[in-house]
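Visitor: Residue strings, one per chain:
Number of protein chains: 2
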Amino acid sequence: MKVTGIIVEYNPLHNGHLYHLQQTKQVTNCDYVVAVMSGNFVQRGEPAIVNKWARAEAALNAGVDLVIELPVIYSISSAENFAYGAISILNKLNIIDSICFGSESGDIEPLFKIAQILAEEPKEYKNLLRKFLKQGLPYPKAREFALNNYFKDTNNLLQTSNNILGVEYLKALIKLNSNIKPYTIKRIKNNYNDINITSNIASATSIRHNFDNYDLIKTTIPEFSFEIIQREKQLGKGPVNLNNLADLIFYKIRSLTANELSKIHDISEGLENKIKYAAEESSTIEELLNLALSKRYTKTRLQRILLYILLDITKEVYLQTIKEINYIRILAANSKGRKLLKYVKDKALVDIPIIINPSKYDKELLSLDIKATDIYVLGYNNPKYKIAVQDLKNKPILL
Amino acid sequence: MKVTGIIVEYNPLHNGHLYHLQQTKQVTNCDYVVAVMSGNFVQRGEPAIVNKWARAEAALNAGVDLVIELPVIYSISSAENFAYGAISILNKLNIIDSICFGSESGDIEPLFKIAQILAEEPKEYKNLLRKFLKQGLPYPKAREFALNNYFKDTNNLLQTSNNILGVEYLKALIKLNSNIKPYTIKRIKNNYNDINITSNIASATSIRHNFDNYDLIKTTIPEFSFEIIQREKQLGKGPVNLNNLADLIFYKIRSLTANELSKIHDISEGLENKIKYAAEESSTIEELLNLALSKRYTKTRLQRILLYILLDITKEVYLQTIKEINYIRILAANSKGRKLLKYVKDKALVDIPIIINPSKYDKELLSLDIKATDIYVLGYNNPKYKIAVQDLKNKPILL
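In order, the protein sequence lines correspond to chains A and B. Start counting at 1 in the first sequence, then tack on 267, and there's your number in my numbering. Start counting at 1 in the second sequence, then tack on 267, and there's your number in my numbering.
Certain hints may be false.
Put simply, identical chains are the same to the list, so a pair is met inside one copy or across any two.
[Unchecked claim] Restricting the straight-line Cα-Cα distance to at most 25 Å, the calculated cross-link-like pairs of lysine-lysine (BS3-like) are: (1) 566 <-> 651; (2) 660 <-> 541; (3) 541 <-> 651; (4) 630 <-> 541; (5) 627 <-> 541; (6) 638 <-> 530; (7) 453 <-> 562; (8) 398 <-> 408; (9) 582 <-> 530.
The hints are simulated quantities; they were obtained by calculation from the structure and are not laboratory data.
Using the sequences and the accompanying hints, generate a full structural model.
Guide: Shown next as structure tokens:
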């Protein structure tokens, strides 16, 4: 029984994701695929375009057997935390033989070498990193320069998003001393940040960007995924984006003092004043971001910070919840996935709760994810679907 | 120089208000009229249908000389606090000879007699009140019964909103030992709570209720007031109602724990749990109110509590800010009003700051009103007008 793990957002699930899944099955020759998927908020610091149950359903349709939710504290965090959370879940399952991720490189060896240095931090590397940080470079750049110096050359591997994320997956595997074997496949035909659709394999960014042009995005999304999106839209449950939550974000920032803002995770060095000023002098997310942007605080990082503010993730809450994965929340499973779950349970392979049909007893454990959904649904158009505590009420998708 | 004070909301300014103003001038034979007006949130626990500057402009057009803002802590409070705040402002001005309010009764004497008992609380009355409270009656009912017993009969005077408010004005005058002479004129042709428009003098409630029926409401509103409302609507600055702020209210309640909710002013005896449950199981203000309603917590009281939650008016904030009037904020003045202001300043008649063009130095003093406006404008349709700190940026309306 060979089980492969993948880490996804499916925001929304498109042809590139389908290609990745098919390649994963081929490369690893696995019998099962388990996906760890972001919930209602994703790593770019945005609400997902459609909710997690709809995206988990799309995952099953694509051929994933089991979909596990990446808790929101990880899903809206840095690449390092995002990767660590997802790999921890896969590792805790104790049945995953391999993972397979897409990367611009497509070659596991050079990525693994970098990951080793980042995980082990040899003295020589640390000195180089310190040197570049002292020169005033932002952390990611300083790290890239330090690695370039350390290896003489890294072929610009750390300049693209999926290589960076891949290195973080590998680093997490090393840190967790995991036996999971990593594979990578080369991403094709698009760049992560493209906003234009130029082929039937387009980036999720470009698809979200062209979301109202159904004829165009239809060519880039498998039919089942397109139908799910259509259905959710017709129900008034999407598309959800940061603009749908803008008033809530403005309300929250305007309600807090600069001092209270400074208690929010990742806000420091006067950013609280900048954000406060920006939320007073603007009324759209785009304006707010433009006013708060700096070399140090990129757009994605600021968007994540807006979500920390929205969800009241203070430094204290962050430190308490990011410590370790303490539950596994099942969003969807097909019959193979259910067999897998039964196997894991029968053999008592997992030492934390596996939550399938959450009950009120899971309220405490899931509290931050429940809250995230309670707020996410306020972005819907249809009041009918804005009711709260859906995380305890909604059943997992079973195919 | 005779100056009369009136206490208004002008939400919106209609023919009945114009009648009240004309009668006031006639009855008191005054040279000047000073209005204390609710700001962006009104006593029914709702945002005002158009903002305070627009309503102050309408007041000037109607013939008021000077418009002073009733701070939000009083404007969204009980009839007792609302009246006490407004009368305190008029009293502090040291130039007001009389007030004149509309009432269902139209006769000052019986209202004054009741006010005296309520202000002085003789033992016999107190015993009666205690007796009826012990029987489990809500406070307003127990008070009415106690007064009925005390006077043998009060002719149902305390069963109508404007009589109740009038008694509170009189009680405040007594408590403040004020020399201001009170007048009342009989309200005509409508009841405060009517929702149907049946004549050219209609209640503000019925006008708000029929707000989209321009042909109908046009007959009930002076042309200048109608034009101001039209203009604000066309700018995308109204009409604002609780539904426009619903998502913010749901967001706030869902973000707070029941324990945090219990710290909000006027929430006690488990209402925090009821409100929390209601905000989870519903998604519109109407549904929320229906779920939280009880004999003790009427719709208006609950709406005010929703505003306390929205504005984060905790028991602590309430006690700190309701203590006493510590500034007088001018919203609008005509040339006569400006002369009046100059007189007051020259003679140094007022011992608290009179704020005409607020500057950053007034930020602390006005903080709760600034916050109220920062949140109020999020109810606008046009993002352009949603920017914050308008309380410091907007000039008073000068005619």
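Visitor: So, for every hint listed, does it hold in this structure?
Guide: Status of each hint after checking the structure:
Proximity of residue 566 to residue 651 under the C-alpha cut-off of 25 Å is restricted to the inter-copy arrangement: shortest distance 22 Å between copies versus 33 Å within a copy. For the homomeric pair residue 660 and residue 541, the shortest alpha-carbon distance between copies (19 Å) is at most 25 Å, but the shortest distance inside one copy (39 Å) is not. Taking the shortest Cα distances, residue 541 and residue 651 sit within 25 Å of each other only across copies (20 Å), while inside one copy they are farther apart (37 Å). With identical chains, the CA atoms of residue 630 and residue 541 are at most 25 Å apart between copies only, with a shortest distance of 18 Å across copies and 36 Å within one.
When the C-alpha separation of residue 627 and residue 541 is checked against a cutoff of 25 Å, the pair qualifies only between copies, where the shortest distance is 17 Å, while the shortest distance within a copy is 40 Å. Taking the shortest alpha-carbon separations for residue 638 and residue 530, both the intra-copy value of 19 Å and the inter-copy value of 20 Å come in at or below 25 Å. Taking identical chains as interchangeable, the C-alpha atoms of residue 453 and residue 562 are never at most 25 Å apart, the minima being 30 Å within one chain and 67 Å between chains. In the homo-oligomer, the alpha carbons of residue 398 and residue 408 lie at most 25 Å apart inside one protomer (12 Å), although the nearest pairing across protomers, at 76 Å, exceeds that limit.
In the homo-oligomer, the alpha carbons of residue 582 and residue 530 lie at most 25 Å apart both inside one protomer (6 Å) and across protomers (23 Å), since each shortest distance falls under that limit.
Violated hint: 7 only; the structure is consistent with all others.
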